[in-house]
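Asks: Respectively, the protein sequence lines represent chains S and X. Taking the working numbering, the leading residue of the first sequence gets 75, the next gets one more, and so forth. Taking the working numbering, the leading residue of the second sequence gets 75, the next gets one more, and so forth.
Since the hints were made in silico from the structure, they are not lab data. Among the clues, some could well be false.
Remember, identical chains collapse to one label, so a pair may be satisfied in a single copy or spanning two.
With a straight-line Cα cutoff of 30 Å, these simulated DSS-like cross-link-like pairs (lysine-lysine) come out [to be verified]:
id, residue 1, residue 2
1, K356, K436
2, K201, K286
3, K90, K204
4, K106, K356
5, K356, K460
6, K106, K134
7, K356, K204
8, K421, K276
9, K157, K201
10, K443, K356
11, K497, K318
12, K103, K286
13, K356, K282
14, K101, K500
15, K76, K204
16, K318, K460
17, K201, K356
Protein chains: 2
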Amino acid sequence: MKSLKDMGKDELTQLKAELEKSFEDAKGKGLKLDMSRGKPSVSQLDMVMDIMDTLNSSSKLLTEGGVDCRNYGVLDGIPEAKKLMADIMEVSPDQVIVNGNASLNIMYDTVARSMTHGVLGSTPWAKLDKVKFLCPVPGYDRHFAITELFGIEMINVPMTVNGPDMDMVEELVTKDESIKGIWCVPKYSNPQGITYSDETVKRFARLKPAAKDFRIFWDNAYAIHHLYDNDQATLLDIIGECEKAGNPDMVYEFASTSKVSFAGSGISAVAASKANLDYIRKFMTIQTIGHDKINQLRHVRYFKDINGVMAHMKRHADIMRPKFEAVIKVLENELGGLEIGSWLAPKGGYFISFEAMNGCAKDIIAKCKEAGIVMTNAGATYPYGKDPFDSNIRIAPSFPTPDEMQQAAVLFTLCVKLVSVNKLLKS
Amino acid sequence: MKSLKDMGKDELTQLKAELEKSFEDAKGKGLKLDMSRGKPSVSQLDMVMDIMDTLNSSSKLLTEGGVDCRNYGVLDGIPEAKKLMADIMEVSPDQVIVNGNASLNIMYDTVARSMTHGVLGSTPWAKLDKVKFLCPVPGYDRHFAITELFGIEMINVPMTVNGPDMDMVEELVTKDESIKGIWCVPKYSNPQGITYSDETVKRFARLKPAAKDFRIFWDNAYAIHHLYDNDQATLLDIIGECEKAGNPDMVYEFASTSKVSFAGSGISAVAASKANLDYIRKFMTIQTIGHDKINQLRHVRYFKDINGVMAHMKRHADIMRPKFEAVIKVLENELGGLEIGSWLAPKGGYFISFEAMNGCAKDIIAKCKEAGIVMTNAGATYPYGKDPFDSNIRIAPSFPTPDEMQQAAVLFTLCVKLVSVNKLLKS
Numbered sequence: 075m076k077s078l079k080d081m082g083k084d085e086l087t088q089l090k091a092e093l094e095k096s097f098e099d100a101k102g103k104g105l106k107l108d109m110s111r112g113k114p115s116v117s118q119l120d121m122v123m124d125i126m127d128t129l130n131s132s133s134k135l136l137t138e139g140g141v142d143c144r145n146y147g148v149l150d151g152i153p154e155a156k157k158l159m160a161d162i163m164e165v166s167p168d169q170v171i172v173n174g175n176a177s178l179n180i181m182y183d184t185v186a187r188s189m190t191h192g193v194l195g196s197t198p199w200a201k202l203d204k205v206k207f208l209c210p211v212p213g214y215d216r217h218f219a220i221t222e223l224f225g226i227e228m229i230n231v232p233m234t235v236n237g238p239d240m241d242m243v244e245e246l247v248t249k250d251e252s253i254k255g256i257w258c259v260p261k262y263s264n265p266q267g268i269t270y271s272d273e274t275v276k277r278f279a280r281l282k283p284a285a286k287d288f289r290i291f292w293d294n295a296y297a298i299h300h301l302y303d304n305d306q307a308t309l310l311d312i313i314g315e316c317e318k319a320g321n322p323d324m325v326y327e328f329a330s331t332s333k334v335s336f337a338g339s340g341i342s343a344v345a346a347s348k349a350n351l352d353y354i355r356k357f358m359t360i361q362t363i364g365h366d367k368i369n370q371l372r373h374v375r376y377f378k379d380i381n382g383v384m385a386h387m388k389r390h391a392d393i394m395r396p397k398f399e400a401v402i403k404v405l406e407n408e409l410g411g412l413e414i415g416s417w418l419a420p421k422g423g424y425f426i427s428f429e430a431m432n433g434c435a436k437d438i439i440a441k442c443k444e445a446g447i448v449m450t451n452a453g454a455t456y457p458y459g460k461d462p463f464d465s466n467i468r469i470a471p472s473f474p475t476p477d478e479m480q481q482a483a484v485l486f487t488l489c490v491k492l493v494s495v496n497k498l499l500k501s
Numbered sequence: 075m076k077s078l079k080d081m082g083k084d085e086l087t088q089l090k091a092e093l094e095k096s097f098e099d100a101k102g103k104g105l106k107l108d109m110s111r112g113k114p115s116v117s118q119l120d121m122v123m124d125i126m127d128t129l130n131s132s133s134k135l136l137t138e139g140g141v142d143c144r145n146y147g148v149l150d151g152i153p154e155a156k157k158l159m160a161d162i163m164e165v166s167p168d169q170v171i172v173n174g175n176a177s178l179n180i181m182y183d184t185v186a187r188s189m190t191h192g193v194l195g196s197t198p199w200a201k202l203d204k205v206k207f208l209c210p211v212p213g214y215d216r217h218f219a220i221t222e223l224f225g226i227e228m229i230n231v232p233m234t235v236n237g238p239d240m241d242m243v244e245e246l247v248t249k250d251e252s253i254k255g256i257w258c259v260p261k262y263s264n265p266q267g268i269t270y271s272d273e274t275v276k277r278f279a280r281l282k283p284a285a286k287d288f289r290i291f292w293d294n295a296y297a298i299h300h301l302y303d304n305d306q307a308t309l310l311d312i313i314g315e316c317e318k319a320g321n322p323d324m325v326y327e328f329a330s331t332s333k334v335s336f337a338g339s340g341i342s343a344v345a346a347s348k349a350n351l352d353y354i355r356k357f358m359t360i361q362t363i364g365h366d367k368i369n370q371l372r373h374v375r376y377f378k379d380i381n382g383v384m385a386h387m388k389r390h391a392d393i394m395r396p397k398f399e400a401v402i403k404v405l406e407n408e409l410g411g412l413e414i415g416s417w418l419a420p421k422g423g424y425f426i427s428f429e430a431m432n433g434c435a436k437d438i439i440a441k442c443k444e445a446g447i448v449m450t451n452a453g454a455t456y457p458y459g460k461d462p463f464d465s466n467i468r469i470a471p472s473f474p475t476p477d478e479m480q481q482a483a484v485l486f487t488l489c490v491k492l493v494s495v496n497k498l499l500k501s
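Given these sequences and hints, build the entire structure.
Replies: As structure tokens, then:
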């Protein structure tokens, strides 16, 4: 297709009229779709309903070691759940603490604890004049919300197809002691679906931060959320790499089954060095009586082992793949060659990231809303909700059906075209 | 029986020899009992096993309002779980947020949040030179551990049979702005089993604290844990009383089902004014994706309503009562009239508190351990683990069987006698 940038004013004006008519038609259809969050679809949830039969009143609710999961005891997770979560993260069980239903809560607690008590003996961050975090962008709004809540200054670091711009990361953490952390979604990143290259992981592991209490927050949320059986991204084990590089304590890794079993009723985990885990356990002893062991047992008995999880995730992929492909196909068909937007075709994860022309994202999302599609807020993929280019849009294809997704994508591209034409006419 | 205090040296020496012989005999029996924590017994847990059948793969996992409990959404608890927890606490559902499996975690988070962000707009406690909490003693070690962790200075306030010494509480909170809170277990208190009188609750509600961000931490852990059907303690609704007294925001109330369904796999809740709850929700939005709604639904469907819970707790009482009565009977039989210890006979809760002669608690607990009974550490019922009188011992009768409990109580009284005789001989 002809690039809109090569069109003259008249051509654009005519196109605008056509697009406006199409938009009014689309609006008339009364579409109502929420694509704002990475919510599992009903069919994904239905697929795992038999987890509800895993345990019943005849079950022996004992761990393999004989601990009664119905009673108090076991602070950091039952051993078999540690093993399962370790296998998902590709680390070893003794590097794992199993928590409650939300890995977000572990990340929040980790930041909160660092604020009040520091990191392995460092000065509590709340006592420092300035604490900063690096934030690869576009990224995950809920990460940014945590650091914003605690008054931590966030610095944007651009993403590349291999992960964050490591030249920038290295330079910043080496020279600035107030930089205490970085938020990463290293596999099938939110929202771009990028997996950090081996070189990126190794450069992370070899960082020489000015701050001894600098930590990589490695949110491996989509570790096993592949779309293709024969084309899966692999990610180096950051904990192992940090160990090798002489930085064993520099990273916390997080994961959960929120998008494996039931969102909100799964189990979550943090993996880290023994020193980090011991420190976390010290606080957990005071914070909680331990997490829900019966739900941990339910997950282990249902999935049995990592093979069970992987087989299950293949069926997830069968549900997710058509939706992703529908979006990508529509983007290609409707926008290919127009030079008004770009995107990557992810091989896993939960999102597709769309880069509109600068200054267009807010207007596109507003247009979509007008026609009945709720998207993630413009700016959400940036710290403070401020996309400096007003260009990034996160598409979350998981919840709608493939048909709905296809319709929504067509409408989305229509909005993209309409807003872009207006922008070009004004420039 | 003759008071040991009226015995002469010879008489005591002879008694000592007899007691030492009995102790060696008892040791020979190789008893092995852990009475250190308020753990539900296996029969209590067995009794609730059919909760595991409440939900299965055929269940509609929807709230009454139609929300799919399997997916993300609903931050502060499903409405029917709010209702259930509200009825347990005798408050209204809109005063309730339902959380995860541990009310301890809500208390921890409440203190942590106050440290970093203050209370409804007050200065974050971490930025103050000094923060203090009042701690009615003897009290609950896990409460004290939270405030100790955050460097909050703890001030002992003696308990009376009507609750904390309110003259002291009133005087301290009125004159000292650095006092920001008080830990209370107002019903069947841990460890004494005391229920705060109406007058005590009203005096709490009418407090005029110097600190605007002073809060009562009202841990109503044993709200429905009666031992007797026809002799139940009642507790005034502190939230309602605070409202009436013009102090609507001065209290947080906590409760859980840890000792109703399964310890560690229950649901918990906090109740407070709308202003307090809105503030908590603001943080929850960032901290978590919400708590396990399926487990909330499981509890509601199993117990149905407060009547179901109360019927269930009656069966609990039938298990607990004989153990409490066994202990009390042994204490009376073995120690009555000796003037070497005192206790109350609780009508609910999980503990019996024993006051030994000053300076004897540590030695008694050490002796018990020598003979195979693990008790809660001496000092645990006081802030910093320091019982200034070394006299308080917490007995936790819930976990052992009644037979074991009876044996353990006899051995315990033997140790009390032995240590007391030694003490008297040295004085």
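Asks: Given a CA cutoff of 30 Å, do K106 and K356 count as a within-copy pair, a between-copy pair, both, or neither?
Replies: Between copies only: 28 Å across chains, 48 Å inside a chain, cut-off 30 Å.
Asks: From the Cα coordinates, with 30 Å as the cut-off, is the pair K318 and K460 best called within, between, both, or neither?
Replies: So K318 and K460 fail the 30 Å test inside a copy (37 Å) and across (45 Å) alike.
Asks: At 30 Å max between alpha carbons, let me know whether K106 reaches K134 within a copy, between copies, both or neither.
Replies: between (46 Å within a copy, 24 Å between copies)
Asks: From the Cα coordinates, with 30 Å as the cut-off, is the pair K497 and K318 best called within, between, both, or neither?
Replies: neither (51 Å within a copy, 59 Å between copies)
Asks: Please work out whether the CA atoms of K76 and K204 approach to 30 Å or closer within one copy, between two copies, in both situations, or in neither?
Replies: neither (50 Å within a copy, 69 Å between copies)
Asks: Have a look at K90 and K204 and pick one of within, between, both or neither, based on CA distance no larger than 30 Å.
Replies: Neither: 49 Å inside a chain and 65 Å across chains, both beyond 30 Å.
Asks: Between copies, within a copy, both or neither: which fits K356 and K460 at Cα up to 30 Å?
Replies: between (37 Å within a copy, 20 Å between copies)
Asks: Tell me, please, which holds for K201 and K356 at an alpha-carbon limit of 30 Å: within, between, both or neither?
Replies: Answer is both: 21 Å inside a copy and 24 Å across each meet the 30 Å cutoff.
Asks: I want to check one pair: K103 and K286. Are their C-alpha atoms no more than 30 Å apart within a copy, between two copies, both, or neither?
Replies: Answer is neither: 58 Å inside a copy and 55 Å across each miss the 30 Å cutoff.
Asks: At most 30 Å between CA atoms: does that hold for K356 and K204 within a copy, between copies, both, or neither?
Replies: both (26 Å within a copy, 24 Å between copies)
Asks: If the cut is 30 Å between Cα atoms, do K356 and K436 qualify within a copy, between copies, both or neither?
Replies: Classified as between; 25 Å across copies, 45 Å inside a copy.
Asks: Since the copies are identical, ignore which copy is meant and state whether K157 and K201 lie within 30 Å (CA to CA) inside a copy, between copies, both or neither.
Replies: neither (38 Å within a copy, 41 Å between copies)
Hint compliance for this structure: hints 3, 9, 11, 12, 15 and 16 are broken, all remaining hints hold.
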